[in-house]
Amino acid sequence: MNLAASKKITITANQVWFAQDKLYVLLNDGRELGIPLEWFPKLSTCTDEDRAKWRLIGNGIGIAWDNLDEDLSVAALL
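For the sequence shown, position 26 matches number 7 in this note's numbering, and the numbering has no gaps at all.
Treat each hint with caution, since some may be false.
[Unchecked claim] Subject to a maximum C-alpha distance of 27 Å in a straight line, what follows is the list of computed BS3-like cross-link-like pairs (lysine-lysine):
no. : residue 1 : residue 2
1   : LYS23     : LYS(-11)
2   : LYS23     : LYS34
3   : LYS23     : LYS3
Simulated from the structure, these hints should not be mistaken for lab results.
Keep in mind that this is a model prediction, so the values were computed, not measured.
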């Protein structure tokens, strides 16, 4: 059995930031996602201060904004 084929790689978020009406997520494999904020009504209508209060959940498999009751999974963003 090929050992490399048996390893499951989990893509996780390392960093989150906002610029020019987009949510950006840096992934652990080096990719950078830029997603329009309009896809996320709670994030697009809240203040910059509220957006900045994110935290990684599940070792980076998701991003949470507790103050907005908003959770995003990295898998869904991909």
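These are the hints, each one checked on the structure:
{"no.": "1", "hint": "LYS23 / LYS(-11)", "in the structure": "violated (33 Å)"}
{"no.": "2", "hint": "LYS23 / LYS34", "in the structure": "holds (13 Å)"}
{"no.": "3", "hint": "LYS23 / LYS3", "in the structure": "holds (13 Å)"}
Comparing the model with each numbered hint stated earlier shows that hint 1 is the single one that does not hold.
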